[in-house]
Every structure is written in C-alpha cells, then in structure tokens.
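Work out the full structure: start from the sequences and follow the hints.
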Amino acid sequence: MVERLTVFFFIVLCILLGTYLILSPWDVLFGNWSDNYFLAVIADKSGMPSIQRTVSSYWFRGAITGLGVTNLVIASWEAFNFNKSVAMLKGEPTRRGQ
71 MVERLTVFFF IVLCILLGTY LILSPWDVLF GNWSDNYFLA VIADKSGMPS IQRTVSSYWF
131 RGAITGLGVT NLVIASWEAF NFNKSVAMLK GEPTRRGQ
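Take the position in the sequence shown, starting the count at 1, then add 70; the result is the number in my numbering.
Just so you know, these hints were derived from the structure itself, not from any lab. Hints may be right or wrong, so weigh each one.
[What the hints assert, rightly or not] Simulated DEER-style distance windows between Cβ atoms:
#1 153 - 120: 27 to 33 Å
#2 86 - 160: 21 to 27 Å
#3 163 - 71: 17 to 23 Å
#4 110 - 86: 26 to 32 Å
#5 75 - 150: 17 to 23 Å
#6 110 - 159: 30 to 36 Å
From a predicted model like this one, the values you see are computed outputs, not experimental measurements. Built from N, CA and C at the ideal position, the CB exists for glycine as well.
Okay, here's the thing in structure tokens:
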C-alpha cells in the first residue's frame, strides 16, 4: 500500500510542478516574472545586472516551460506504468518485455 501511495503522490507532484513551471513564466497571476525582488537583489549584490536580463528573456522562459512539459511527460509515463513502478518499489523482479 505504501508503494502505491508513493507512486501516486509522485505523479501528483509531477503534475503540479509541471503545471506551475509551464504557467509561471508567462502568467501575471504569479507576479511579473522579470520584476522579482529577490532576482533584483541578487543582480545588485553580485554586480551582474545581466542575470536579471537573462532570467527575463524569452528563451529562459521557454526553457522553464520545457522543464514543466518534461514533468508532465514523466507524470504521464508513471501513470501508464503504475503497476510496474509499484513492483519496482516493492523489490519484485519484473520481466524484461513488460
């Protein structure tokens, strides 16, 4: 039972994290991506304002979105192979073709 719950919560975690990573760089609901206080402090303290420009660029936002898509792919793979993942956590031998 513990193995099933572990795989289930891992799938839920991947879905939630993937959704957040896809939406957060583009949606103003989470706050403006480039006007982040902590990012401004880091750029100011390090003396490298290019950090803030890099993080606010479109390619960096796309990379973060790509990580979100990767999380959703992992969640769907785990959902389709749920029984196999549970068996691996239990330490049961699995046949190679399955």
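Hints broken by the structure, by number, lowest first?
Going through the list in order, the structure violates hints 1 and 6 and respects the others.
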